[in-house]
Amino acid sequence: MYLGFTAPPDYQQGRTVLIMFIHVPAATVAMSIYGVIAVCSLLSLVWRHPLSDTAARAAAPFGALFTVLGLITGSLWGKPMWGTYWVWDGRLTSFLLLLFVYLGYMALWNAIEDETRAARAAAILALVGAVNIPIIHFSVEWWSTLHQGESIVSGSTAPVFLAPLLIMMLGYTLLFATLWMIRIRTAILERRARNLMQAGGG
Amino acid sequence: MNFGMGVYGIYIWPAYGVSALALIGATVWTVAAWRRAKARLNALERK
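The listed protein sequences derive, respectively, from chains A and B. Per this note's numbering, numbering of the first sequence is gapless, rising by one per residue and ending at 1010. Per this note's numbering, numbering of the second sequence is gapless, rising by one per residue and ending at 475.
Chain A extracted, bound-state conformation:
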């Protein structure tokens, strides 16, 4: 944050470049979380490991939250730079779709009472929805879009902006990892409490 607020204004974006330091990490972590859910779902379907279901389910609310943050901060950047909060182009639309996939995934978990069946259905949905991740990533290359192309890996981001951006990305990732672990632990405690209640006839 300190590096971001001491960075000079960008020659094109001016001070709105500050929004990039929270928008890019939110969007990147939102997509990464979906990758985590997809891997956990695959593990669940192939090896039927119960912890992978718990881990996937625990990650989803955070994925949805980071997606919402990516959308809000992106549109707050878009208004002064593009002249509009929203445009139905490939990147923005596929990213909005990611939010709907997250919401659908969480709704499916809650809609089916039998946990084993819910886990299986949610895992299949997660794997189908994973198709959207490369679509989001490559949308700026495949279609004509207002959204700028990839600039971190290609090395076209100036170091004065790259350092705060990478540190913020690391911070967002660590925050997610910490909250995810606590959420998994919570789910395990809740399961143990349910088992105790069932064993006690309550």
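In short, the hints are calculated from the structure, not lab data. Treat each hint with caution, since some may be false.
[To be verified] Per label pair, the in silico range of CB-to-CB distance: (1) B:A448 x A:D897: 27 to 33 Å; (2) B:V456 x A:G891: 32 to 38 Å; (3) B:A467 x A:I975: 32 to 38 Å; (4) B:A448 x A:G1008: 21 to 27 Å; (5) B:N470 x A:L970: 43 to 49 Å; (6) B:I452 x A:V936: 29 to 35 Å; (7) A:I975 x B:M433: 19 to 25 Å; (8) A:I920 x B:G453: 24 to 30 Å.
Idealized CB from N, CA, C, for every residue including glycine.
Please arrange chain B on chain A, whose structure you already have, making use of the hints.
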């Protein structure tokens, strides 16, 4: 640190405000849920 945002302040500050609120809210919600689950399990185990 330069907090002068000029005309862009109406976009930058809400972006940071929403992000801070959401991330702090998520942290509080997650820790509170963990504490509740822990307390409930402890109570059940004591019975």
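Checked hints:
| no. | hint | in the structure |
| --- | --- | --- |
| 1 | B:A448 x A:D897: 27 to 33 Å | holds (28 Å) |
| 2 | B:V456 x A:G891: 32 to 38 Å | holds (37 Å) |
| 3 | B:A467 x A:I975: 32 to 38 Å | holds (36 Å) |
| 4 | B:A448 x A:G1008: 21 to 27 Å | violated (43 Å) |
| 5 | B:N470 x A:L970: 43 to 49 Å | holds (47 Å) |
| 6 | B:I452 x A:V936: 29 to 35 Å | holds (33 Å) |
| 7 | A:I975 x B:M433: 19 to 25 Å | holds (21 Å) |
| 8 | A:I920 x B:G453: 24 to 30 Å | holds (28 Å) |
Checked against the numbered hints above, the structure violates only hint 4.
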